[in-house]
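Novice: Could you put the whole structure together from the sequences, leaning on the hints where they help?
As you go down the protein sequences, you meet chains A and B in turn. For what it's worth, our numbering labels the leading residue of the first sequence as 1, then goes sequentially. For what it's worth, our numbering labels the leading residue of the second sequence as 1, then goes sequentially.
A few of these clues could be false.
[Stated by the list, open to error] Simulated crosslink set (DSSO-like; lysine-lysine; CA at most 30 Å straight-line):
no., chain 1, residue 1, chain 2, residue 2
1, B, K97, A, K28
2, B, K86, A, K28
3, A, K166, B, K97
4, B, K86, A, K166
5, B, K97, B, K86
It is worth saying that the hints were derived from the structure and are not from the lab.
Chain by chain, the residues:
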Amino acid sequence: MNTLLYTFHFYLFGLIAIASAVAFVTRKSPVAAALWLVNTMFCLSALYVMLDAQFIGAVQVLVYAGAIMVVFLFVVMLLNLGQASDVSDIRGLGGRLTAGLVGLAMLAELVALSRIRFPQLTQAVSDQTNVVNPVSAPLFHQYLLPFEVTSVVLLVAVVGAVVLAKRGPNVS
Amino acid sequence: MIAEALFFSAVLFTIGVVGVLTRRNAIIIFMCVELMLNAVNLSFIALSRLHGSANGQVFVLFVMTIAAAEAAVGLAIIISIFRHHKSVDLRNINLLKG
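Specialist: See below:
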């Protein structure tokens, strides 16, 4: 493996992801913000593939960039919020100060985190030809009960979303 | 690569927190929450790679499922709020404010 090329692309995708995230939180229009967030998710998918999680990378593109963000954009279009509002929706001085302090505290934790020395990498869980099996084997043996409970959670969420979004008979 | 991945993850999480604290549009706040979930997923994948085990990737699948459920319910709540207030600006939603 060409280590220099790998490192270069790792930093490239990571920096694009962070730059897209910054663009995402600073856009006024919800549509532009959603599209920048999709860009962040594509870069994260590339990082997953570089960290030997190829299946999760594919699922990231399909589920997050494909399904969840389409639902967000659909709601933005449905509620006709595509235009940025005239008044800025960024909070005033108090909100900005709080956000800045929280951001500084978390950045300090980052610096502490970056001083940790990590041990040498072990062998990757998946080789290039056997990608899904290392994920699916624990999913259907060790974590079978949480997997089934997750399906119940999805059912409850679907029913709840329909009930919440439906117009009631006596509510205008 | 693990330290860099955790660094990117923490930066993305911080950006998500700052977005939640500064924005007032409810849909954008929801998208910031999705960004934070993505940042946590990145650190799950990185630590799963560090330990050479696929259990972290299984948890990422669970997090994605819960995120999808949360997006469905949350957007339904936003649609319902929009019917009442004709706006998704959080300044108009102050029923619980003391």
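Novice: Taking the hints in turn, state whether each one holds.
Specialist: Structure-based check of each hint:
1. B:K97 - A:K28: Holds, at about 26 Å.
2. B:K86 - A:K28: holds, 19 Å
3. A:K166 - B:K97: holds, 27 Å
4. B:K86 - A:K166: Holds: K86 of chain B and K166 of chain A sit about 16 Å apart, inside 30 Å.
5. B:K97 - B:K86: holds, 20 Å
Consistency note: the structure conflicts with none of the earlier hints.
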